[in-house]
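> Sequence:
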Amino acid sequence: MFKVERIAKKFGRLEVFHDLSLVFPTGKITAILGPSGCGKTTLLKILAGLIIPDQGEVTSTEKTSFLFQEPRLLPWLTIRQNLTLVLQDKLPAATVDSAIERYLEAVGLAEYHRFYPGQLSGGMKQRAAMARALSFPAELLLMDEPFKSLDLKTRYQLVSDFLKLWRQKPNTVVVVTHDVKEAVWLGDQILVLSEKPARLIVRFENAIPVELRMGSKEALGLEQEIVTILLGAPHPVSGSGA
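Heads up: the sequence shown is residues 139 to 380, going by the working numbering.
The hints are simulated quantities; they were obtained by calculation from the structure and are not laboratory data.
Subject to a maximum C-alpha distance of 25 Å in a straight line, what follows is the list of computed DSS-like cross-link-like pairs (lysine-lysine): (1) K307 / K201; (2) K183 / K166; (3) K302 / K228; (4) K286 / K183; (5) K166 / K228; (6) K166 / K286; (7) K148 / K334; (8) K319 / K334; (9) K302 / K319.
Derived CB-CB ranges, DEER-like: (10) H316 / A146: 20 to 30 Å; (11) A232 / G359: 43 to 53 Å; (12) Y254 / T366: 44 to 54 Å; (13) S159 / S259: 36 to 46 Å; (14) S287 / Q362: 23 to 33 Å.
The beta-carbon is built from N, C-alpha and C at its ideal position, and this holds for glycine as well.
Please model the complete structure; the sequences and the hints are all you need to start from.
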């Protein structure tokens, strides 16, 4: 189980966190919602060890994979080479090629493995980044609005592809999003944070079966409840998505 306990973080006079504690259940997806600028990306970077909190404790792991808002592929390497670069020292040499082929096939890019990032569309580049992040043997996967800049159809397909791949290797995932539908679809646990200094407003245990998390009566009800909270209505610190 990964967690942050009573963390605090300031950047100059700007206080982002003060005495914040959160728990991320092992083998589950936690979706985090909150106002822009409340510190969601900073939280991911603290979990990744890229930022050290001023105080408090972080229980994380060195085996962390990070899927960013933008693909961050190396433009001088092919798609296959981009994946090879991160896997060559993490998997047995004899399994690297088969792992790359498996994940590129899963995201629909098997035929494009010799292409360079500049030859691909934005959605295709994000697919490649997702294949790279999921193929990495990580205990913790951090996702910072990875579907944000995509059109609706591409976003829907990528989220579907991600969940299909994740179910094959269900590591612990923390995903930051501004999309309530996306949070309900992805999140086994949904955390709503306040303005900075961020505090936990509400935590939902999403008991809705995955196959019913898009468009069902239960999902729409949970989405409405979350939207109401984001718009400022008071709510207890925990809730249920059942």
